[in-house]
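One-letter residues, chain by chain:
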Amino acid sequence: MIVKIFEGREDHIRQKGDGGLHLACNTESLAGAVSQRACVYSGARVVLNPITDALHLVHGPIGCASYTWDIRGSTSSGPDLYRSSFSTEMKEMDVVFGGEKKLAACLQELAERYHPPAIFVYSTCIVGIIGDDLQTVCRRASEELKIPVLPVRSEGFRGNKNEGYKAACNALSKLIGSRDYQPRHPSINLLGEYNVADDLQFVKPLFQEMGLEVVATLTGDARVAEIQRAHTAELNLVQCSGSMTYLAKIMQEKYGIPYRKISFFGLQDMSNALREAAKFFASEEMAEKAEEIILRKSREVMPQIEAYRAKVAGKKAAIYMGGAAKAVSLVRAFQELGMEVVIIGTQTGNREDYQNIAYLIKEGTVIIDDANPLELRELLIKQNADLLVAGVKERFLAYKMGIAFCDFNHDRTANFEGFEGMENFAREVSITINSPVWQLALKRAGCAGRGSQLSSMQEVSDDIKEPCHS
Amino acid sequence: MISKSLATVNPCSMCMPMGSVLVFRGIEGCMPLFHGSQGCSTYMRLYLAHHFREPVDIASTALNEKGAVYGGSANLMQGLRNVIKGYNPKVIGIATTCLAETIGDDVPQIVREFQAQEPLAKDVVIVPVSTPSYAASHEVGYRVALKGLVQTMAAKSKPNGRINMLVGSIISPADVRFLRRLFDDWGLGYILMPDISETLDATLSSDLPPIPKGGTPLEDVRDTANSRATLTIGGWVQEPGAGDYLEKEFHIPHVALPLPISLEFSDRLAAALEEQSGMPMPESYERQRGRLLDTMVDAHKVLADVRTAVYGDTEMVLGITRIMMELGMNPQIVATGAANPAFAEKAAEIAPGSKVSMGADFLQIAEEAKSRDIELLVGPFTGRRVAREGNIPLLRVGLPNHDRFGASHQLLLGYEGSMNLVEGMANVLLESRERVPA
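Chains as they are written, first to last, in our numbering: chain A, 1 to 470; chain B, 1 to 438.
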């Protein structure tokens with residue numbers, strides 16, 4: 001057992017090569033263990049929030065709205081209503097007497113003020129406890145306001161983040177199919193693409209160049225109207241499979257739209273995504289176009305990527321992601337950079353995800369589900385990682401340990417998708433690994449003390465004693 | 001006058017557990033534990049990590065559906081056990097969330113049972129505080145956590161001759177270091193609590209303990225019952241808190257002061273320290289005071305009549321409003337997200353004629369700013385949208401500050417901090433004026 005800090009976490013951590021790779025996953029987080037996961041509400045919020053012209057109303061006390069106000073790095077090419085935070089701000093009296101009336105009044109007021117094409121109403125923990133009937137309030141509001149008012153069942157305690165994804169997909173499925181449209185043939189939707197840091201600019205034009213109409217992206221830079229007609233596309237390409245496979249399955253069942261899992265991150269994955277679309281439509285012409293794009297784009301970015309690769313090859317990377325799809329893509333991207341992955345973990349991966357991951361990684365690599373800072377810290381030391389790829393919560397842990405860091409979460413500001421995105425990613429990895437800050441002296445010359453440089457902190461830390469677990 | 005809409009649009013406050021973390025993180029070896037669903041701790045960790053640029057560990061009892069129906073006692077006990085095993089804390093600060101409060105868990109009782117039956121609990125102090133999000137803002141969460149600490153821990157022994165210096169509102173690590181330096185320079189013995197100066201602004205070193213080093217030592221927290229006086233700095237318009245409890249319980253005279261922002265409020269702190277110590281203010285501070293005056297004179301024309309909006313935490317807003325008046329500025333909007341009538345009263349006294357709002361949100365502030373031709377915004381980064389849309393320069397002060405560096409190192413207290421504020425306001429105005437095309 002490579003790390004053992006908390007009882008009950010044993011089955012969530014495996015090292016490839018030390019017996020079975022069956023990982024426990026998709027369970028509730030352990031009390032007291034400082035899981036990096038958020039809640040059901042957060043899962044629903046990350047999926048729906050990028051819909052730029054919708055009004056997102058949080059039915060609950062103020063905190064849930066405060067902490068999610070404009071925190072997603074999803075950009076918009078137009079409306080920006082989604083960057084405001086709306087809350088019913090429930091107070092003690094609402095908790096005692098119920099919040100339905102206040103919710104109804106807020107819906108009325110906000111619709112009149114902002115004229116949104118749709119409103120999503122998120123329920124928070126407390127709503128689940130006091131039993132406000134969101135369905136009825138939203139149905140009535142929808143009738144009166146003549147716009148879709150969609151309840152999102154996202155009470156924080158009703159499971160983990162995956163439940164939130166489902167709640168969001170259920171709300172989306174009610175919106176989809178409510179508007180007629182006749183797209184050009186062939187046509188696709190991009191699911192699980194959130195346009196973080198403007199990612200779509202390097203992805204969508206490639207599909208368009210292949211002659212495909214992109215009917216809707218869910219939900220990056222999306223408009224309500226696009227989502228309403230998403231049922232008219234012929235194929236769903238699903239990127240963030242953790243959050244959107246559920247919706248893809250609903251759409252397959254309801255509208256007969258097949259789906260393919262793809263990724264837009266890394267040269268190989270981006271190329272495969274284009275090829276997959278061409279293959280689906282069985283078009284020789286489209287396939288040729290795809291190859292032409294791949295060749296042209298690769299030629300554009302390869303010289304720079306090669307230069308970065310020379311500076312980072314052989315370094316060891318640790319990956320800790322929210323969803324598994326991104327983690328898998330990252331493994332391949334690091335192969336493209338000549339780097340070795342020594343730790344890979346996710347907050348919400350499922351059995352199939354972890355089986356895929358186990359297949360991809362080398363002997364000795366650690367897989368971890370629903371990690372916490374203490375486990376990450378020990379693993380980073382033991383696996384001698386040079387770089388951590390994760391989100392803001394993990395960033396400062398890495399920095400404090402003298403480990404380079406690359407932000408690949410929803411609040412990142414660098415675009416990493418498509419061919420140009422891979423160049424950006426290679427640069428990010430290189431500038432953090434090769435920064436001179438890691439070579440600065442921790443102690444002035446002549447001062448006693450070990451660990452003379454930041455970069456040697458990990459070796460020093462070897463004598464961090466085993467934590468006091470029983 | 002524009003009244004606040006029914007729905008809150010772009011909140012100007014946070015929830016109670018958030019405030020508790022800023023207290024618990026200022027106590028030596030203290031680990032915060034939220035009794036509620038997993039999201040609360042993760043969201044607030046994220047929020048604070050953005051601001052302080054430090055790892056912020058907050059444990060959660062990760063309440064689930066079963067816990068919500070049958071009570072969260074089992075989760076709380078397991079959470080306590082795991083926090084002790086994983087983090088080896090000296091203190092665990094338990095803050096409740098709306099979920100735990102609404103399902104009606106009796107947290108103090110569960111804690112007593114835990115302490116009675118669990119050998120692991122022997123050397124750990126457990127401080128439960130009640131902080132449901134729907135009851136009040138983060139400022140109240142801060143106050144009840146500070147009070148909860150002394151209620152649980154302060155113990156009468158022999159007089160220590162020191163002064164309790166309670167930090168009554170959220171200030172930066174640099175501000176806390178300033179207070180420490182001030183008392184040191186004055187030669188006063190003191191207990192400073194809470195002390196986030198190291199725990200939320202750690203140096204890089206080869207040693208990375210699970211709970212950051214620093215914070216008010218436990219012995220000091222206990223010893224607050226034996227001090228000769230209590231000063232709550234930034235406790236001017238707050239409801240009774242730790243200082244009042246110590247006064248009532250242990251007869252320690254308590255004085256609640258505004259945050260020393262502005263000349264007047266800094267003088268007020270100096271006067272209180274002179275009274276406590278019987279010694280005049282050290283010469284170096286007289287010189288700082290002189291430099292502040294000199295800066296105020298230098299900048300007075302840039303700042304004259306500037307129509308401002310100040311928003312954020314109550315005590316900080318009052319101090320900033322005061323210095324604006326001292327400079328001949330024109331505070332038009334004085335707002336806080338908290339519901340605090342004492343704040344409204346003082347704000348109206350400091351800046352007569354301004355629009356004072358409590359329980360404000362940024363929609364209201366934006367509309368007021370438009371109708372009152374505001375030229376300068378001073379407050380947390382959350383006002384950036386108002387600034388962008390109204391093309392109004394914004395000086396970022398206080399928590400949260402997620403989009404600029406330096407939140408931990410921003411000194412706003414004392415003559416020196418006030419000087420930073422004067423220069424900061426003047427500079428953002430000058431920069432914005434330069435940006436206007438010629």
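If you're looking for bench data, these hints aren't it; they were derived computationally from the structure. It should be emphasised that the depicted structure is a prediction, and the values quoted were computed from it without experimental measurement. Each hint should be verified, as a subset may be incorrect.
[To be verified] Quick look at which bits of chain B chain A covers, simulated, 3 or more residues with Cβ under 8 angstroms:
hint	segment
1	77 to 89
2	95 to 101
3	196 to 206
By construction, the Cβ of each residue, glycine as well, lies at the ideal position given by its N, Cα and C atoms.
Comparing the hints with the structure gives:
Requiring three or more residues with a Cβ within less than 8 angstroms of a Cβ of chain A, the coverage given for the segment 77 to 89 of chain B holds, as 10 such residues are present. Given a C-beta distance limit of less than 8 angstroms, the hint that chain A covers the segment 95 to 101 of chain B holds, as 3 residues qualify and 3 suffice. Counting residues of the segment 196 to 206 of chain B whose CB falls under 8 angstroms from any CB of chain A gives 4; the rule of at least 3 is met.
Taken one by one, the earlier hints all hold for this structure without exception.
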